[in-house]
Amino acid sequence: MKITDYCLVFIVIFFPVFLIVGYHVQDQQDVEYTELKYVTALRTAVQDAGSMLNVNERQDFESGYSSAKFFKADKELALDAFYRSLYANLGIEGDEAAQQTLDGYIPAIMVVDYDGYWVYSEVEYLGVDGEVYAKHLWQPKKPYSYSDKAGNLIHFTLDNVMEAYDAASGTWTRGLQRELGPTSSIPLLQDGERFEQVRRTTIVQAIENDLANNINRHNEFAARNGISYVFTLPLISREEWNNSIDDIGIMAFIQGIPVGDQALNNYALGSGRLVKSAVIRAGVDSRTGIHYYSRGDCADDLEVLETFTSPKEAAANGYFEKPCTRAFGW
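Following the numbering used here, the numbering of the sequence shown begins with 3 at its first residue and continues without gaps.
No wet-lab data here; the hints were simulated from the structure. Treat the hints with care, since some could be wrong.
Unchecked claim - Have a look at the derived ranges for each label pair, beta carbon to beta carbon:
id: 1; residue 1: GLY228; residue 2: SER147; range: 36 to 42 angstroms
id: 2; residue 1: GLU242; residue 2: LYS314; range: 55 to 61 angstroms
id: 3; residue 1: ASN244; residue 2: TYR127; range: 43 to 49 angstroms
id: 4; residue 1: ASP82; residue 2: LYS151; range: 39 to 45 angstroms
id: 5; residue 1: ASP150; residue 2: VAL41; range: 40 to 46 angstroms
id: 6; residue 1: GLU34; residue 2: ALA317; range: 22 to 28 angstroms
id: 7; residue 1: LYS144; residue 2: ILE238; range: 16 to 22 angstroms
id: 8; residue 1: GLN192; residue 2: ASN319; range: 40 to 46 angstroms
id: 9; residue 1: TYR135; residue 2: ASN319; range: 52 to 58 angstroms
id: 10; residue 1: GLU34; residue 2: LYS144; range: 36 to 42 angstroms
id: 11; residue 1: GLY129; residue 2: GLU34; range: 40 to 46 angstroms
id: 12; residue 1: LEU128; residue 2: GLU195; range: 45 to 51 angstroms
id: 13; residue 1: ASP82; residue 2: ASN218; range: 23 to 29 angstroms
id: 14; residue 1: VAL306; residue 2: PRO236; range: 46 to 52 angstroms
Claimed, not checked - Once the Cα atoms are required to be at most 20 angstroms apart in a straight line, the calculated SDA-like pairs of lysine to any residue come out as:
id: 15; residue 1: LYS137; residue 2: ASN215
id: 16; residue 1: LYS314; residue 2: LEU304
id: 17; residue 1: LYS144; residue 2: GLU210
id: 18; residue 1: LYS324; residue 2: GLY291
id: 19; residue 1: LYS143; residue 2: HIS157
id: 20; residue 1: LYS137; residue 2: GLU98
id: 21; residue 1: LYS324; residue 2: ASN267
id: 22; residue 1: LYS143; residue 2: ASN211
id: 23; residue 1: LYS151; residue 2: GLU165
id: 24; residue 1: LYS137; residue 2: GLU165
id: 25; residue 1: LYS137; residue 2: GLY228
id: 26; residue 1: LYS151; residue 2: ASP105
id: 27; residue 1: LYS137; residue 2: ALA214
id: 28; residue 1: LYS39; residue 2: ASN267
id: 29; residue 1: LYS324; residue 2: SER273
id: 30; residue 1: LYS151; residue 2: TRP174
id: 31; residue 1: LYS137; residue 2: ILE247
id: 32; residue 1: LYS137; residue 2: THR46
id: 33; residue 1: LYS144; residue 2: ARG202
id: 34; residue 1: LYS143; residue 2: ASP193
id: 35; residue 1: LYS137; residue 2: ILE256
id: 36; residue 1: LYS137; residue 2: ILE229
id: 37; residue 1: LYS144; residue 2: SER171
id: 38; residue 1: LYS143; residue 2: TYR127
id: 39; residue 1: LYS144; residue 2: ASN218
id: 40; residue 1: LYS143; residue 2: ALA225
Every value quoted in this text rests on a predicted model; they were computed, and no experiment measured them. Glycine included, each C-beta is placed from N, C-alpha and C at the ideal position.
Using the sequences plus the hints, can you model the full thing?
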């Protein structure tokens with residue numbers, strides 16, 4: 003056979019293989035892009051929702067104890083921000099049909115508040131026409147409750163403030179564990195280290211179990227809408243669970259959306275923590291003409307031109323750190 007014949011045989015045999023591999027690579031890239039689009043949209047929506055948990059028109063209530071974590075979460079504002087962000091990032095703001103379809107793949111949204119949590123999931127309700135319908139609704143807020151064999155009851159919060167019912171005396175008390183422990187007959191309040199362990203475990207287990215039940219129940223509603231995916235609570239590490247109860251926050255799930263020959267199964271956490279960042283001022287030193295950045299009183303000698311949120315950002319824009327002698331009282 004001539005060399006040209008061998009070339010033709012090679013082309014005939016391997017060209018279909020190369021073609022199939024090429025299609026497979028392209029399909030895989032499309033799958034990865036689609037998955038990334040949904041994951042990014044979900045995380046962005048949860049972050050936007052988390053930032054809105056701190057916005058509340060009425061903060062005129064007091065806990066009686068100084069606590070950086072005592073803040074009433076605005077779940078309605080957060081939910082609205084979540085959906086607006088999610089729909090916008092997926093490009094379906096004005097498409098009600100697409101929004102309803104997407105809602106079928108969101109089995110649960112959970113908001114962690116200071117003294118309890120809410121779950122937003124699909125539930126059945128009786129319409130005015132007597133028919134049974136299903137839609138996403140907020141379920142009643144549930145406290146972080148713990149009880150022992152003696153009948154004592156404790157309602158935990160995201161810090162050491164709690165409400166305790168003493169079964170022996172039939173009385174309720176509220177306060178810090180370290181203050182109530184020495185005079186309480188409830189064993190758990192007398193051990194600070196064990197109290198903290200039980201507090202975290204109780205909160206995490208309550209949220210985890212409730213989410214699992216709601217997501218499992220979502221299978222019934224999904225099946226009616228033609229979704230064959232089996233919804234289950236994803237495996238979430240203990241570290242992530244513990245981080246989720248450090249402050250008020252929000253958790254959302256998207257599951258079952260067909261992506262190639264697989265199904266998307268993702269979740270995202272968003273914190274409502276208030277972080278007050280120091281303002282970095284940057285400008286020209288009036289005496290030397292050098293561009294400096296600084297913070298606080300050390301910026302008084304600067305003709306401030308702009309501000310930044312971090313020293314790194316200021317340095318990247320051509321500013322040098324200004325020596326500050328006032329910090330040492332010189």
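Evaluation of the provided hints:
1. GLY228 x SER147: 36 to 42 angstroms: holds, 38 angstroms
2. GLU242 x LYS314: 55 to 61 angstroms: violated, 27 angstroms
3. ASN244 x TYR127: 43 to 49 angstroms: violated, 35 angstroms
4. ASP82 x LYS151: 39 to 45 angstroms: Given range 39 to 45 angstroms: holds, Cβ gap about 44 angstroms.
5. ASP150 x VAL41: 40 to 46 angstroms: holds, 42 angstroms
6. GLU34 x ALA317: 22 to 28 angstroms: violated, 36 angstroms
7. LYS144 x ILE238: 16 to 22 angstroms: holds, 19 angstroms
8. GLN192 x ASN319: 40 to 46 angstroms: violated, 56 angstroms
9. TYR135 x ASN319: 52 to 58 angstroms: Between TYR135 and ASN319, where Cβ atoms are some 56 angstroms apart, the hint holds.
10. GLU34 x LYS144: 36 to 42 angstroms: Holds - the Cβ-Cβ distance for GLU34 and LYS144, about 38 angstroms, lies within 36 to 42 angstroms.
11. GLY129 x GLU34: 40 to 46 angstroms: Given range 40 to 46 angstroms: holds, Cβ gap about 43 angstroms.
12. LEU128 x GLU195: 45 to 51 angstroms: holds, 49 angstroms
13. ASP82 x ASN218: 23 to 29 angstroms: At 27 angstroms between Cβs, range holds.
14. VAL306 x PRO236: 46 to 52 angstroms: Roughly 48 angstroms apart at Cβ, these two residues keep to the hinted range, so it holds.
15. LYS137 x ASN215: holds, 16 angstroms
16. LYS314 x LEU304: This hinted pair holds, its Cα atoms lying about 18 angstroms apart.
17. LYS144 x GLU210: Roughly 13 angstroms separates the two Cα atoms, so the pair holds.
18. LYS324 x GLY291: holds, 12 angstroms
19. LYS143 x HIS157: Holds, at roughly 13 angstroms.
20. LYS137 x GLU98: OK: LYS137 and GLU98 at ~15 angstroms, within 20 angstroms.
21. LYS324 x ASN267: Answer violated: LYS324 to ASN267 is near 49 angstroms, above 20 angstroms.
22. LYS143 x ASN211: holds, 15 angstroms
23. LYS151 x GLU165: holds, 18 angstroms
24. LYS137 x GLU165: violated, 34 angstroms
25. LYS137 x GLY228: Between LYS137 and GLY228 the Cα gap is close to 16 angstroms, so the pair holds against 20 angstroms.
26. LYS151 x ASP105: violated, 42 angstroms
27. LYS137 x ALA214: With a Cα-Cα distance of about 18 angstroms, the restraint between LYS137 and ALA214 holds, given a limit of 20 angstroms.
28. LYS39 x ASN267: holds, 13 angstroms
29. LYS324 x SER273: Not satisfied, since the Cα-Cα distance of roughly 34 angstroms exceeds 20 angstroms.
30. LYS151 x TRP174: Roughly 17 angstroms between the alpha carbons, so the hint for LYS151 and TRP174 holds.
31. LYS137 x ILE247: violated, 27 angstroms
32. LYS137 x THR46: violated, 24 angstroms
33. LYS144 x ARG202: holds, 16 angstroms
34. LYS143 x ASP193: violated, 28 angstroms
35. LYS137 x ILE256: holds, 16 angstroms
36. LYS137 x ILE229: Holds - the C-alpha atoms of ILE229 and LYS137 are around 16 angstroms apart, at most 20 angstroms.
37. LYS144 x SER171: Violated - the C-alpha atoms of SER171 and LYS144 are around 25 angstroms apart, more than 20 angstroms.
38. LYS143 x TYR127: Judged against 20 angstroms, a Cα distance of about 18 angstroms means the pair holds.
39. LYS144 x ASN218: Holds, because 19 angstroms separates the two Cα atoms, which is no more than 20 angstroms.
40. LYS143 x ALA225: violated, 27 angstroms
Checked against the numbered hints above, the structure violates hints 2, 3, 6, 8, 21, 24, 26, 29, 31, 32, 34, 37, 40; every other hint is satisfied.
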